[in-house]
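From first to last, the protein sequence lines stand for chains E and F. Note that numbering that gives the first Met the number 0 numbers the first sequence so that position 174 is 173, with each residue one more than the last. Note that numbering that gives the first Met the number 0 numbers the second sequence so that position 307 is 306, with each residue one more than the last.
These are computed hints drawn from the structure, not numbers from a lab. Among the clues, some could well be false.
Quick look at which bits of chain E chain F covers, simulated, 3 or more residues with Cβ under 8 Å [said to hold, decoys possible]:
(1) 230-242
(2) 293-299
If you want the ones that stay clear, here's a sample from chain F, every Cβ over 12 Å from chain E, calculated [said to hold, decoys possible]:
(3) 27
(4) 58
(5) 81
(6) 115
(7) 122
(8) 193
(9) 218
(10) 246
(11) 516
We put the CB at the ideal spot given by N, CA and C, even for glycine.
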Amino acid sequence: MTGSVRMEGQTGGKPLGQQAESLAEKMQEVRAEISKAIVGQGEVVDGVLIALLAGGHVLLEGAPGLGKTMLVRTLAQAVALKYSRIQFTPDLMPADVIGTAVVQENGDGRKSLGFQPGPIFANLLLADEINRATPKTQSALLEAMQEKQVTVAHTSHQLEEPFFVMATQNPLEMEGTYPLPEAQLDRFLFKLRVPFPGREDLHDILDRTTQGAATAVVPVVNGAQIMEMRQVVRTVPVAPHVQEYVVKLVLATHPEGRENVLASKYIRYGSSPRGAQTLILGGKVRALLDGRFNVSLEDVRALLLPALRHRIILNFEAQADGRTTDDLLDEIAGKINKN
Amino acid sequence: MPARGKNKSAAPMVQSGSALFSALKSKWNESLAWSRKQPGASRETRGLDLEDQNWASALHTLIDPLLAIRRRILTNTFLAGWMKLWTWILAGIIVAGALSPKLKWALILAGALLVIGAIAVAIVAWRARPSAYEAARRLDSAAGLHDRISTAIHLASIENPDGMILRQRQDAVQRAARVSPQILFPIRMPDAARRAIVIGMAAASLLVYRIHYKPPIAALLRSTARSQLVQSILSPIVHAMEKDLQRTMALMKTKPDSQNDKARPGQSDTAPDDLWKASDDPASKSEDGQQNSQEANAADQMQDQPPSSMQSGQGESKPGDSEQQQEGGQQSQQSSNGSQRMSGDAQQEQSQSQSADNKQSLSQALMQALKNMLSNSQSQQASNQGNQKQPNSPGMPQSGNSRQPGSGEGDKKGDSRGSSDAQQKATQNSSSGAGSQQGSKELKKDQVSNPVNAVPDRVALESNGFKEQTRVRMDAGTGTAQLPVRDVVPQAVAVTNGAEQENIPARYRWYIQHYFEHPEGGQK
Chain E
0 MTGSVRMEGQ TGGKPLGQQA ESLAEKMQEV RAEISKAIVG QGEVVDGVLI
50 ALLAGGHVLL EGAPGLGKTM LVRTLAQAVA LKYSRIQFTP DLMPADVIGT
100 AVVQENGDGR KSLGFQPGPI FANLLLADEI NRATPKTQSA LLEAMQEKQV
150 TVAHTSHQLE EPFFVMATQN PLEMEGTYPL PEAQLDRFLF KLRVPFPGRE
200 DLHDILDRTT QGAATAVVPV VNGAQIMEMR QVVRTVPVAP HVQEYVVKLV
250 LATHPEGREN VLASKYIRYG SSPRGAQTLI LGGKVRALLD GRFNVSLEDV
300 RALLLPALRH RIILNFEAQA DGRTTDDLLD EIAGKINKN
Chain F
0 MPARGKNKSA APMVQSGSAL FSALKSKWNE SLAWSRKQPG ASRETRGLDL
50 EDQNWASALH TLIDPLLAIR RRILTNTFLA GWMKLWTWIL AGIIVAGALS
100 PKLKWALILA GALLVIGAIA VAIVAWRARP SAYEAARRLD SAAGLHDRIS
150 TAIHLASIEN PDGMILRQRQ DAVQRAARVS PQILFPIRMP DAARRAIVIG
200 MAAASLLVYR IHYKPPIAAL LRSTARSQLV QSILSPIVHA MEKDLQRTMA
250 LMKTKPDSQN DKARPGQSDT APDDLWKASD DPASKSEDGQ QNSQEANAAD
300 QMQDQPPSSM QSGQGESKPG DSEQQQEGGQ QSQQSSNGSQ RMSGDAQQEQ
350 SQSQSADNKQ SLSQALMQAL KNMLSNSQSQ QASNQGNQKQ PNSPGMPQSG
400 NSRQPGSGEG DKKGDSRGSS DAQQKATQNS SSGAGSQQGS KELKKDQVSN
450 PVNAVPDRVA LESNGFKEQT RVRMDAGTGT AQLPVRDVVP QAVAVTNGAE
500 QENIPARYRW YIQHYFEHPE GGQK
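Just chain E, same shape as in the assembly (with noise of 0.2 Å):
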């Protein structure tokens, strides 16, 4: 917690005060020119904006026809970002990923091997279906989301940031897919389930796509401001018992420990670090976007299901029971004490 309050005065020549403001008033209006191409989603929105500013990547699950490769190619026109497209099918390559060695000719006709970079090579990913392909392409994303750089050739090439992958997978059709390894799972900031709209959403989605012209989305953020607001989100405080809080949620959802019947019974794998740490960056962001400055219970409770739906593992009494991971999370929540 000392290292919330040794915190700096300032980034970018304004205090950070002013940023953080700021930064709410440049995510309301992000939020706006979404609004415009996807109807309703809201907290599919506003999860993709936190994982944006908290420097994760999502992994969007829904069924098709649900706007997830619209809502990225929105966000991708609202914050002027370098965007790109992988649709992930079983006979992709990690080269066709992530580039690879051609040889290429210089001026005065000499021959050459160069990288050519592939498609991660940008601000924002778009890796549709990423479950079918092989794991051996999915494994291509390892190195890329981790530690934003991908290695071909004993050379490792730097991946501009802000790089921001957003995959997409949809839970129907899993003849022929390969699931996601953990590593591959844990990687992922958010997993931010997409619900079919509701009744009104749904006039509204008719009445805007059948209607007239498509509306031009205006961006309103670049890419040096996300970074920016990365920095802001940082800065904010979390109280001890905020942080106690996230720590025992983690816990509670380690089937080792006595205390843990639900979790003993029904979780193979618990959540792993990045759980916590997901838990407490999201929760940062979202007090910045709800306009407070300093992370609550709240902002943990709200993020718990997103941040760790993906980083528990049931078992197979879990299956057998009908047992999802969000129903043994909110039991979890429900029996920790915030206090």
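For chain E, the structure is supplied; the task is to place chain F on it using the hints.
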């Protein structure tokens, strides 16, 4: 050297004393720290206090509401604890007023406990008072401030902050100015207050009652002990216990006699007879002891007895089936040996008269009652079975209700005509027992007698290894007796003067007694 040794021995004591003192001190400090520990708070935050903390100037507006909140929390805690204490004290006063005749000291003690308890509750409440951080957390939770105040208190030690902390502090101060501690933390009546009021009213009523009356519970207990309901519940239990005690005492009293009987088998001839005889003559008295001892020891003692004693008892006259004697007159001649004494009715009369005079023991009275039941059942059985001829068991001298003139002499001399005479008369007069009870048990000779599976009341046979009810198939025959009883070993010694007599096994004797105590079960 001794001094050094003394010093060596004294030093550990001193060290142990100081160590003990330091340990106690550390324990005390730990307990104090535990009482003030706030979960989730860091070390620096736990040390914060509203009085002695050098707060940042911007946070002074936060101090006042937090102090007010803490006072209210403290007051509520004290009231709740004191009300619980008061409730318990009132309950104690009620109990004392209901039970104890001296109420003065109970009231004094209650007053002292109330004062001491109030002080203790105040100390505990003060020790457990919330810190500034805890008060801020409660305020956040009550006012929905999303942990603004607690975060600001946590960062309160930073002087002249800039950036995010300053902005957060300003936000917290602004929000705290809008909340009202009086509304969020009212001083409430504890939940136990109503209960305490009710108990207090009850205690006051009891005290008023006690001014004129004695403790009600004590009086109630006394009156309850005398009530008919309690008496009706307790009296059967007491009677049963008394009965068991008397039986036990009787058995203990008669045990040495049975041992003497084993030592003198010649005198044990009268033992089976005493079961049915409650006479008061010296011989029968001595035989009563044998009888009781045999009852107590059951079959084991009988098995332990030597065959001579078993056989010697075969010649005894036994009360019981007078019909068998009467109907099997010729067979009953076999049982009219010199060893037989007197018939049962004579003994009954004697025993009844003598028991009235000499205050028989309970066991003797019980035996007499069994004997009466036996005679009644015999008469019933005779009337039911009509004129059926019941074979007489050889060696089973059964006198039944027959009265014989010389029975008394036979008892004394040991060679009476006894039942044999009576049985002879029975065959001639077709009267059972040929005694004074003529006509009550008539035998129709012309009627064909069918073999029956009867459970004899008394079978004068020694039967070893009987574990169940013995069923005897007997055919009536003149001068002969056939006993297809299993496991029966005929004993030649029992044949005397042409008559067979056998002893009654003790186990079977118990059955007979049990049969008459429970006639329905025995008739199965």
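So, going through the hints one by one against the coordinates:
1. 230-242: Held - the segment 230-242 of chain E has 9 residues with a Cβ nearer than 8 Å to chain F, which meets the minimum of three.
2. 293-299: That given contact holds, which follows from 6 residues of the segment 293-299 of chain E lying within Cβ reach (below 8 Å) of chain F.
3. 27: holds (26 Å)
4. 58: At roughly 14 Å from the nearest Cβ of chain E, residue 58 of chain F sits farther out than 12 Å, so the non-interface label holds.
5. 81: The assertion about residue 81 of chain F holds, with a minimum of 25 Å to chain E.
6. 115: Its Cβ never comes within 12 Å of chain E, the nearest being 32 Å, so this holds.
7. 122: holds (24 Å)
8. 193: Holds, since 28 Å exceeds 12 Å.
9. 218: holds (52 Å)
10. 246: holds (61 Å)
11. 516: Residue 516 of chain F is indeed farther than 12 Å from all Cβ atoms of chain E, at 62 Å.
When held up to the earlier numbered hints, the structure conflicts with none and fits them all.
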